[in-house]
Structures are given as structure tokens and as C-alpha cells.
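Here the first sequence stands for residues 1058 to 1359, where the numbers follow our numbering.
What the hints contain is simulated information worked out from the structure, not anything from laboratory work.
There could be a bad hint or two in this list.
Unchecked claim - Restraint-style ranges between C-beta atoms, simulated for each label pair:
| no. | residue 1 | residue 2 | range |
| --- | --- | --- | --- |
| 1 | ARG1186 | ARG1217 | 45 to 53 angstroms |
| 2 | ARG1349 | PRO1237 | 39 to 47 angstroms |
| 3 | ALA1192 | ASP1266 | 39 to 47 angstroms |
| 4 | ILE1173 | GLU1304 | 15 to 23 angstroms |
| 5 | VAL1327 | ASP1210 | 12 to 20 angstroms |
| 6 | SER1234 | ARG1259 | 14 to 22 angstroms |
| 7 | SER1358 | ARG1215 | 23 to 31 angstroms |
| 8 | PRO1237 | LYS1268 | 29 to 37 angstroms |
| 9 | SER1182 | SER1328 | 18 to 26 angstroms |
Unchecked claim - DSS-like mimics (lysine-lysine), calculated; alpha carbons at most 30 angstroms apart, straight line:
| no. | residue 1 | residue 2 |
| --- | --- | --- |
| 10 | LYS1284 | LYS1207 |
| 11 | LYS1284 | LYS1300 |
| 12 | LYS1290 | LYS1268 |
| 13 | LYS1251 | LYS1211 |
| 14 | LYS1335 | LYS1268 |
| 15 | LYS1252 | LYS1290 |
| 16 | LYS1268 | LYS1251 |
| 17 | LYS1276 | LYS1211 |
| 18 | LYS1290 | LYS1356 |
| 19 | LYS1300 | LYS1356 |
| 20 | LYS1252 | LYS1207 |
| 21 | LYS1311 | LYS1276 |
| 22 | LYS1251 | LYS1284 |
| 23 | LYS1190 | LYS1290 |
| 24 | LYS1311 | LYS1300 |
| 25 | LYS1300 | LYS1335 |
| 26 | LYS1290 | LYS1211 |
| 27 | LYS1300 | LYS1290 |
| 28 | LYS1207 | LYS1250 |
| 29 | LYS1190 | LYS1356 |
| 30 | LYS1250 | LYS1311 |
| 31 | LYS1211 | LYS1284 |
| 32 | LYS1290 | LYS1276 |
| 33 | LYS1353 | LYS1251 |
| 34 | LYS1190 | LYS1268 |
| 35 | LYS1300 | LYS1211 |
| 36 | LYS1250 | LYS1300 |
| 37 | LYS1251 | LYS1290 |
| 38 | LYS1290 | LYS1250 |
Each residue gets a CB set at the ideal place from its N, CA and C atoms; glycine is no exception.
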Amino acid sequence: MVLQTFNIGVSCVRCGKNSMLTDNATGERFCGKCGYVISERIDESGPEWRSFTQDEHSNRARTGVPTSLTMHDMGLATIIGHENKDSTGKPLSTSMKSTVERLRTWDSRSQAHKTIDRNLRHALSELNRLQDKLALSDAVIEKTAYLYRKAIDKGLVRGRSILGILAATLYIACRDSGTPRTLNDVSSEINIKKKDISRCYRLLLRELDLKMPVVDPIKSISRIASKAGLSEKVERRAHTILKNASEMEITSGKDPMGLAAAALYLSCVVSGESVSQKVIALASGVTEVTIRNRYKGLKESL
DNA sequence: TAAGATAAGAGGGACAT
DNA sequence: ATGTCAGTCTTATCTTA
């Protein structure tokens, strides 16, 4: 019943026979004689709770293997393989074969394993890689995994690229948790075109009924300022510029990043600090032309 | 060299057909 | 469902101070 197994030369803790096997497909270890299964994950995973006092720590006890949304099956893998052989490699009897056949049907029906499982595996392993690349917190990753599962449940992934949806869910998780990552950041790491991600992004917002707060350009200012190495005075002045601008209602519909960048540039000019548009454009991720356009608008409003 | 101007092109939202 | 329109941002190129 198992695709590929090999003996790892360890004796079973239950029956004592030297017959522990490992399954290449799932990485599970189990006893070829008595069927006892051990999980490697127990060793690797920490507790699923945090404790803040010594008391709390000693009072709590684990009640099972920790599960995580970032495991494709939440750490609860039991899959019936597709070969009609028993654990020792011998073919099954006819009656057993039909029994297994029936079980397998139920197995795949209940989980819709075929595509969804593979899909999830792919997405989550990519997610793992992205966490390192983009320096994301575990919370963001969990949130992404949660959203991705929701997207699958709603059937939104079918017919679309897995990575596209994944990138969009990741972007949503970042926005939602206040982690400053732009569409550009995500796009360049995952190697999917920005427009494809934003298409998926909008789709998800619509279908999952999510509400994304509009990015406040004032929040972007400090990010750009520190990246471009601007003084605090310039930063503060840019704040007031933007505040005035938004009261005069010339900011709606404009790219928040563009606004923030232009406000900073204007602030530099009136403060007498010479910083080129190019520097700010580089730090903010918008083009110099956009800065110029917003800059023109902001200047007129003063 | 930096800043400004201009033009072409892309993608999406609003609205009408 | 499809097409048009106004508005935005980007890329590229040229001119100006």
C-alpha cells in the first residue's frame, strides 16, 4: 500500500523488531511488522503556546503534535497510496484489493486529495522560501496560509496560477498586518508579473469579502525618508504638507507612494536641502515623472 | 547633471449600450 | 457581456538651466 519504502535499520518501539521503514513520498516512518507509525515532526516543532511566567510554563502540557496551517495537511497526514501491495511489498488478495479500492475512494472523496493536496504542497513550499527572502514574520506566513486555504475552498485557484494566488494572499497578509511590503517587493521575489498579482489580489478582495484600508501616505513618508537618508525636519514638514493636501482633497485616486515621495521632495526644496528626484524615486519605488506630477499639484496647493 | 516636458502604452474603474 | 472614456502611472526620449 506504500509507494516506495526502505529499511532504516531501526528497531520498532512497540514490537521490537528491526523493521522500521521510511516512506519516500511522505517522509513518515513506520514499522513494517506491526504498523506502528512515528512522526519526525514531534522533535522539530516547538510548543503551540507561549508562556510569560514560570508558573504558566510549568502548568501547561502538550496534548498532541502541534499543527500549523503552513503544513499542507496541518501535520495530520494519512494517505492511502495507489499500489495494491501490502507493507512488505506482496500483492494484495482480491478481496483485500476491493476493500482498499473502496477505502481509497472515500479517502480521496473526503479530502479531494488529487489536485488540492498537490496544489497546497507546492504553494506552501514556495511560501517557506519567500519567508526568508522577504524577511516575513511567522504571523504573516500563517495568515497567508489561511487565506490561501480559503481561496482553495472557494475554488478560486482552479484555472489560475498557483503562485499568482499565493503572491496575492501574501500581499494581503502583509497589508493587513501592517508589514510594509510593496507589490514590487513581492513581485520580484516570486517572479510573477505585477499585473498578474494585482489581478488575483482584486479577485480575492472581491470574493473573500475582504476590506483593505487605503494605505495612508503619511505612513509611507518615514519609510521613504529613512531609505533615502533624509533629515527628520524634512520628514516632519512633509507630514504637514500631506495633511494640508488631503484636506484640500487633491489626494484621492493618487498613488499613496507617489504622494509621499512628492511631499518629501517638496519638503526638501522648501527646506533648502538639495536632494535629487532620482534619489527619492529610487527610495520610494515610483518614477521621477510621477514625483514631478504630484509635486506640481502639491506646489499649487500651497 | 538634474530637472522639466512630451508622447506612447498599459491596466483598471465607471458607465452606457 | 462588451465598448468607450477619463484619469493614472510607467517608460523612453528630448530639451533646458
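Comparing the hints with the structure gives:
{"no.": "1", "hint": "ARG1186 with ARG1217: 45 to 53 angstroms", "verdict": "20 angstroms, violated"}
{"no.": "2", "hint": "ARG1349 with PRO1237: 39 to 47 angstroms", "verdict": "24 angstroms, violated"}
{"no.": "3", "hint": "ALA1192 with ASP1266: 39 to 47 angstroms", "verdict": "30 angstroms, violated"}
{"no.": "4", "hint": "ILE1173 with GLU1304: 15 to 23 angstroms", "verdict": "50 angstroms, violated"}
{"no.": "5", "hint": "VAL1327 with ASP1210: 12 to 20 angstroms", "verdict": "53 angstroms, violated"}
{"no.": "6", "hint": "SER1234 with ARG1259: 14 to 22 angstroms", "verdict": "19 angstroms, holds"}
{"no.": "7", "hint": "SER1358 with ARG1215: 23 to 31 angstroms", "verdict": "48 angstroms, violated"}
{"no.": "8", "hint": "PRO1237 with LYS1268: 29 to 37 angstroms", "verdict": "19 angstroms, violated"}
{"no.": "9", "hint": "SER1182 with SER1328: 18 to 26 angstroms", "verdict": "49 angstroms, violated"}
{"no.": "10", "hint": "LYS1284 with LYS1207", "verdict": "36 angstroms, violated"}
{"no.": "11", "hint": "LYS1284 with LYS1300", "verdict": "22 angstroms, holds"}
{"no.": "12", "hint": "LYS1290 with LYS1268", "verdict": "34 angstroms, violated"}
{"no.": "13", "hint": "LYS1251 with LYS1211", "verdict": "23 angstroms, holds"}
{"no.": "14", "hint": "LYS1335 with LYS1268", "verdict": "34 angstroms, violated"}
{"no.": "15", "hint": "LYS1252 with LYS1290", "verdict": "37 angstroms, violated"}
{"no.": "16", "hint": "LYS1268 with LYS1251", "verdict": "21 angstroms, holds"}
{"no.": "17", "hint": "LYS1276 with LYS1211", "verdict": "34 angstroms, violated"}
{"no.": "18", "hint": "LYS1290 with LYS1356", "verdict": "19 angstroms, holds"}
{"no.": "19", "hint": "LYS1300 with LYS1356", "verdict": "14 angstroms, holds"}
{"no.": "20", "hint": "LYS1252 with LYS1207", "verdict": "22 angstroms, holds"}
{"no.": "21", "hint": "LYS1311 with LYS1276", "verdict": "15 angstroms, holds"}
{"no.": "22", "hint": "LYS1251 with LYS1284", "verdict": "22 angstroms, holds"}
{"no.": "23", "hint": "LYS1190 with LYS1290", "verdict": "33 angstroms, violated"}
{"no.": "24", "hint": "LYS1311 with LYS1300", "verdict": "15 angstroms, holds"}
{"no.": "25", "hint": "LYS1300 with LYS1335", "verdict": "24 angstroms, holds"}
{"no.": "26", "hint": "LYS1290 with LYS1211", "verdict": "49 angstroms, violated"}
{"no.": "27", "hint": "LYS1300 with LYS1290", "verdict": "16 angstroms, holds"}
{"no.": "28", "hint": "LYS1207 with LYS1250", "verdict": "23 angstroms, holds"}
{"no.": "29", "hint": "LYS1190 with LYS1356", "verdict": "39 angstroms, violated"}
{"no.": "30", "hint": "LYS1250 with LYS1311", "verdict": "22 angstroms, holds"}
{"no.": "31", "hint": "LYS1211 with LYS1284", "verdict": "40 angstroms, violated"}
{"no.": "32", "hint": "LYS1290 with LYS1276", "verdict": "16 angstroms, holds"}
{"no.": "33", "hint": "LYS1353 with LYS1251", "verdict": "27 angstroms, holds"}
{"no.": "34", "hint": "LYS1190 with LYS1268", "verdict": "27 angstroms, holds"}
{"no.": "35", "hint": "LYS1300 with LYS1211", "verdict": "41 angstroms, violated"}
{"no.": "36", "hint": "LYS1250 with LYS1300", "verdict": "33 angstroms, violated"}
{"no.": "37", "hint": "LYS1251 with LYS1290", "verdict": "34 angstroms, violated"}
{"no.": "38", "hint": "LYS1290 with LYS1250", "verdict": "37 angstroms, violated"}
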